[in-house]
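Student: What follows is the residue order along each chain.
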Amino acid sequence: MLPDSNGHFGVFGGRFVPETVIPALEELATAYERYREDPAFCREFQDLCASYSGRPTPLYHAKRLSAELGGAQILLKREDLNHTGAHKINNALGQMLLAKRMGKRRLIAETGAGQHGVATATVAALAGMECVIYMGEVDIARQSLNVFRMQLLGAEVRPVASGSRTLKDALTEAIRDWVTNVDETYYLIGTAAGPHPYPRIVRDFQAVIGRETREQCLSEYGALPDLVIACIGGGSNAIGTFYPFLADGVPLIGVEAGGKGIDTPWHAASLTKGRPGVLHGFYSYLLCDEEGQVQEAHSISAGLDYPGVGPELSYLRDSGRLEVRTVTDREALAAFSLLSRTEGIIPALESSHALAEAIKIAPKLAPSQRIVVCLSGRGDKDVQAVAGMEGKSDDGD
Amino acid sequence: MTGIERINNCFTGRAARKKCLAAFLTAGDPDLTVSETYCRAALQHVDLLEIGLPFSDPMADGPVIQAAYKRTLSAGTRLGDIFAMAQRLRTTTEKPILFMVYLNIILQRGLVRFLQEAADSGVDGLIVPDLPPEEADEILGMAHQRGLGLVFLVAPTSTDERIKLAAVKSTGFLYCVSLRGVTGVRTKLGTDLPEFIQRVRTSTDLPLMVGFGISGPEQVRQVTAIADGAIVGSALVKLLAEGEDRDENLRKLGEFLSALKKAAE
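Quick note, the sequences are listed as chains A and B, same order. Taking this note's numbering, I'd label the letters of the first sequence as residues 1 to 397. Taking this note's numbering, I'd label the letters of the second sequence as residues 398 to 662.
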């Protein structure tokens, strides 16, 4: 079973943070060990997933899209139908319950696209806890709707002006807050990354996606899917979708943001183009230069705009279990439009990356085959930005 | 003399209740040449010099040092230049020189190459704020082979067990973080500092240096009354960043450090 007791997935993972927060990580690991199989805790989590978030989410057969592509059947795992509009709520609910049992009264989080910030602000409101969300200034500008949603939910959104002013800087700033207010604060990390035990905790709470998908496939079609695809930023929807399929041998494809192309500096493809290193408390693939300075990632999708990737995905890729591909901004936009037109579902730009890969692969497979795509979130938050982009001329790539 | 010996020697006067003052300066701020003159000046006054290596994402540092690292990186300072600077400083002093460096800088250079270059440049040891003792065994062995020390940090949140673990692996002294938080200038020390230092004392015989948030002579006096020395960083970086003229900065730095030194004694 991975990770090992020090949080290592093979050589990846671990715990590389300032000493001040290490005791808090140990406390968290102990609490998680205690509650993860506690019947009352699990029941409360499942009840909230069902009655508050609307789980199980459907596995929807996208017939018009499949027909349009003329190959394999596309099955969409509808995480966009969760309360707050993305898979992020699964993990936020689970960690909020942990925080409450640990006696913390304040939740902090980082956010990129704002989906995790909204999910955290939501569970903070649900639990009556104080909430501070760190968000890069660039992301605040491109996701203003989510900023307003977080404020409406009673959270304070703190703009981060350092570095590239995106998700990576928001994460760094959230860690600084945690180092300072560690006694009463719970740091609710939104992706399957960060120091041990976060990658494991986030994976376990998100694994509900893959478990349901697996059961739905078996009961509806009597067979496992032929291929499972998810997008990878930090990797929480990907590991949550993939994890229950690891033992099955079902082919898994993770899709990274290729931005303006992986041979340009403007992408977020850490597994494809990065090197192993340490950022934000864990060892994994990372976009950085040969002097160790972290590079700014680029993606049209704020949620994928991160120069690192969760350690378990690095491990799965290097061990050959996971295949990783990239999709450009332009391909993701095309998938965004295609799904909207053929199915009446506006996907998040993050999920559009996974969809774009399915669009490439489906025509090469037989109509009897099935591809599951994790539709991690809905695209309402992106509509304004996409409208702005379509108004502009060619972006030059 | 090896780096480990130099760091240890720094505390040999401890029996005579001699207190140690350490300065932290960032390499290459505002550029390498000027920062080298600041380092030389600091070495006139202090017992130990820490040189901060710039990193794009310094999560243990507050706004003052973040801004300094940003200036350094914008000025185009490269790792090779910093090693060369350390080598020049080495020819002028037998006082310990330590690098404060985030782990990714070391990893991307290559563990062996980084440690060898540090040792060859006359650097005596490393402080790696994001390397906890339980992840440090590989790097520790390779550093010691080259005579390089590794200094570990303990914080008010550290358990007694973790303090002992850090003490066993630390070279020369333990770096006691005075507060819950990142580096930066604070007006007051944490109220639980004496109790924390007392707790560390019962876990180890190593000398204890206190850093983070120490901004002036009064705090140095308070800290050296209960510990073996004080580390001053952001206050110096801030003073140098606010000044416009190099010579004026050198004068102010000298004055400030001699006041701190007096407070330490």
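Fair warning: there could be bad hints in the mix.
[Unchecked claim] Within a straight-line C-alpha distance of at most 20 Å, the following computed DMTMM-like cross-link-like pairs (lysine to aspartate or glutamate) qualify:
#1 B:467 x A:289
#2 B:467 x A:47
#3 A:360 x A:318
#4 B:585 x A:177
#5 B:467 x A:137
#6 B:415 x B:641
#7 B:561 x A:37
#8 B:467 x A:296
#9 B:467 x A:291
#10 A:100 x A:4
#11 B:566 x B:615
[Claimed, not checked] From chain A, some residues computed to sit far from chain B (all C-beta separations above 12 Å):
#12 2
#13 17
#14 46
#15 144
#16 178
#17 220
#18 250
#19 294
#20 361
[What the hints assert, rightly or not] To list a few chain B residues with every Cβ distance to chain A over 10 Å, as calculated:
#21 468
#22 489
#23 527
#24 599
#25 622
#26 658
Note that these hints are calculated values from the structure, not bench results. Just so it is clear, CB atoms sit at the ideal spot from N, CA and C, and this is done for glycine as well.
Student: State for each hint whether it applies.
Tutor: For each hint, the structure was consulted:
For the suggested pair residue 467 of chain B and residue 289 of chain A, the alpha carbons sit about 15 Å apart, so the restraint of at most 20 Å is met. Restraint check for residue 467 of chain B and residue 47 of chain A: the C-alpha separation of about 48 Å exceeds 20 Å, so the hint is violated. Restraint check for residue 360 of chain A and residue 318 of chain A: the C-alpha separation of about 24 Å exceeds 20 Å, so the hint is violated. The suggested pairing of residue 585 of chain B with residue 177 of chain A holds, with an alpha-carbon distance near 19 Å, which does not exceed 20 Å.
Between residue 467 of chain B and residue 137 of chain A the alpha-carbon distance is near 18 Å, which keeps this suggested pair within the 20 Å criterion. With a C-alpha separation of about 35 Å, the suggested pairing of residue 415 of chain B with residue 641 of chain B is violated against the 20 Å cut-off. Note on residue 561 of chain B and residue 37 of chain A: the hinted pairing is violated, with a Cα-Cα distance of about 33 Å set against a maximum of 20 Å. For the hint linking residue 467 of chain B to residue 296 of chain A, the alpha-carbon distance of about 14 Å falls within 20 Å, and the restraint holds.
Distance restraint check for residue 467 of chain B and residue 291 of chain A: the Cα-Cα separation of roughly 14 Å lies within the 20 Å cut-off, and the hinted pair is therefore satisfied. The straight-line distance between the Cα atoms of residue 100 of chain A and residue 4 of chain A is roughly 26 Å, outside the 20 Å bound, and the hint therefore fails. Restraint check for residue 566 of chain B and residue 615 of chain B: the C-alpha separation of about 31 Å exceeds 20 Å, so the hint is violated. Separation of residue 2 of chain A from chain B is adequate, the least Cβ-Cβ distance of about 17 Å exceeding the 12 Å criterion.
With a least beta-carbon separation of about 6 Å from chain B, residue 17 of chain A fails to lie farther than 12 Å from that chain, contradicting its non-interface assignment. Residue 46 of chain A, annotated as away from the interface, keeps every beta carbon of chain B farther than 12 Å; the closest lies near 34 Å. For residue 144 of chain A, the non-interface assignment is confirmed: its Cβ lies about 26 Å from the closest Cβ of chain B, beyond the 12 Å cut-off. Non-interface call for residue 178 of chain A relative to chain B: violated, since the shortest CB-CB distance, roughly 10 Å, does not exceed 12 Å.
Once the 12 Å rule is applied to beta carbons, residue 220 of chain A is consistent with being away from chain B; the minimum gap is 45 Å. Taking the minimum C-beta to C-beta distance to chain B, about 34 Å, the non-interface status of residue 250 of chain A holds against the 12 Å cut. Interface exclusion of residue 294 of chain A from chain B breaks down, the closest Cβ pair being 5 Å apart, not more than 12 Å. Every C-beta of chain B lies more than 12 Å from that of residue 361 of chain A, the closest at about 35 Å, which supports listing it as non-interface.
Once the 10 Å rule is applied to beta carbons, residue 468 of chain B is consistent with being away from chain A; the minimum gap is 13 Å. With a least CB separation of 26 Å from chain A, residue 489 of chain B remains clear of the 10 Å interface cut-off, as annotated. Interface exclusion of residue 527 of chain B from chain A breaks down, the closest Cβ pair being 5 Å apart, not more than 10 Å. A cut-off of 10 Å between C-beta atoms confirms that residue 599 of chain B is not in contact with chain A; the least separation is 18 Å.
Here residue 622 of chain B stays apart from chain A, with its beta-carbon at least about 23 Å from theirs, past the 10 Å limit. Residue-level check passed: residue 658 of chain B sits 28 Å from the nearest beta carbon of chain A, beyond 10 Å.
Hint compliance for this structure: hints 2, 3, 6, 7, 10, 11, 13, 16, 19 and 23 are broken, all remaining hints hold.
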